[in-house]
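Undergrad: Construct all of the structure, not just a fragment, from the sequences and the given hints.
Each chain is listed here by its residues.
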Amino acid sequence: MNKQSFGYTVIFTALISFAFVFLLAMANELTVDRIEFNNEVRLQRSILNAMGVEFDSDEHAAELFEDVEQVEVEGLSLYSYERDDELLYAREYSGSGVWGTIRGHVGITPDGTRTLGLTVLEHQETPGLGGRIDEDWFQEQFRNKQLVDGRLEMTSRDGEGNFEEDSGEIDGITGATGTSDSFANIINAHLEELYNALGGESA
Amino acid sequence: MSSVAAPGPILKENLWTNNPIFMQVLGICSALAVTNLLANTMIMTLAVVGVMGMTNLTVALIKSLIPRKVRMMVQTLIIASYVIVVDIILRAYVPDISRELGPYVGLIITNCIIMGRAEAFAQSNPPLISMWDGVTSAFGYMGVLLSIALIRELLGFGSLFGYQIMPEAFEPWIIMVMPPSAFFVLGIIIWIGKAIMEREGAPA
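Protein chains in written order, with the numbering used here: chain C, 1 to 203; chain Z, 1 to 204.
There could be a bad hint or two in this list.
[Claimed, not checked] Stretches of chain C that chain Z covers, calculated by requiring three or more beta carbons in the stretch to come under 8 angstroms of a beta carbon on chain Z:
| # | segment |
| --- | --- |
| 1 | 6-16 |
| 2 | 26-38 |
| 3 | 127-134 |
Quick caveat, the hints were computed from the structure, so don't treat them as lab data.
Positions of the beta carbon are idealized from the N, C-alpha and C atoms, including for glycine.
TA: Below, the structure is given as structure tokens:
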């Protein structure tokens with residue numbers, strides 16, 4: 001058969017496309033469960049972390065997560081978890097950073113006056129600069145932070161983190177003013193809604 | 001360069017005298033994008049080694065069946081398929097690194113070195129030696145990228161593979177974390193490489 005003929009070219013192209021698409025479909029099929037499981041575990045860990053609930057393994061996290069419920073409060077969809085008669089809330093937040101969407105969870109007390117913790121699940125900030133929002137020291141600043149009028153202030157101190165729980169301030173990232181400001185806007189917009197929904201102003 | 005088809009000379013050519021990055025200046029985009037942390041660079045370049053080896057092997061195996069008109073399209077199809085397989089594997093087994101590399105793994109498809117070798121070598125050589133050519137070319141690429149990453153991570157973060165190396169008092173160079181610094185470092189590496197070659201008297 002003439003390999004340069006029109007018919008051969010069409011048949012060859014169709015067959016080879018089929019072969020490789022089949023290979024991809026196989027690879028996808030074999031790993032789809034695992035990838036879904038990875039994402040699920042990450043989400044569960046993030047929500048528990050944001051609420052300040054401690055766990056020591058993925059399995060433990062999955063076990064604790066069985067008691068997490070999705071609830072609707074004043075039109076906001078929240079995750080709730082009861083720890084020793086104490087109600088904890090967490091909410092997913094997302095918004096635009098410098099390069100792309102920043103997404104994660106923030107935990108809050110039922111009266112909406114204190115954050116419990118915060119996680120960053122997804123971001124596209126500059127590695128080593130704005131990208132440092134995914135580092136522990138940055139996220140740990142949100143542990144048990146008292147809100148001031150439903151907000152937290154992003155300040156530029158020494159860039160090493162502000163862990164004073166009643167200061168109402170978060171230390172921004174040195175050299176990443178854009179990311180720090182965007183992050184403050186995103187988180188404050190979500191916190192203010194929570195504060196109002198949970199009746200923080202009357203408390 | 002087409003006269004050599006023995007493993008030894010191919011190795012030397014791909015790693016040094018005809019290194020894809022500093023002699024052919026191909027694959028520069030990824031040299032800029034994924035070289036600020038050694039660990040990421042390592043995974044990324046290993047992915048390229050796998051993709052290049054498999055692509056060259058496949059192209060060499062079926063080259064006699066490929067009609068000339070659709071040669072390039074078939075090569076692209078082969079490269080894209082292997083890259084997606086690698087991407088899926090990374091997502092399933094090393095999700096953290098996969099997340100950090102983000103879109104760059106997918107962009108291996110556009111790495112000109114892979115198509116360059118498929119077209120220049122695998123199209124006209126037997127399968128095994130083609131695979132060897134692909135793997136060694138990728139090692140040449142890996143060597144240069146790792147050198148860039150070594151300099152950038154050391155000066156930009158003060159660490160190597162995430163372990164703190166520089167003393168506490170060391171002030172990280174923020175420019176080294178940003179993509180433009182890779183231009184300077186790459187330029188310097190090309191300069192050093194060519195200077196050594198000239199001293200050796202090799203035709204540059």
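Undergrad: Would you mind marking each hint as holding or not holding in the structure?
TA: Okay, the hints, checked on the actual structure:
no.: 1; hint: 6-16; in the structure: holds (count 5)
no.: 2; hint: 26-38; in the structure: holds (count 6)
no.: 3; hint: 127-134; in the structure: holds (count 3)
Of the numbered hints listed earlier, not one is contradicted by the structure.
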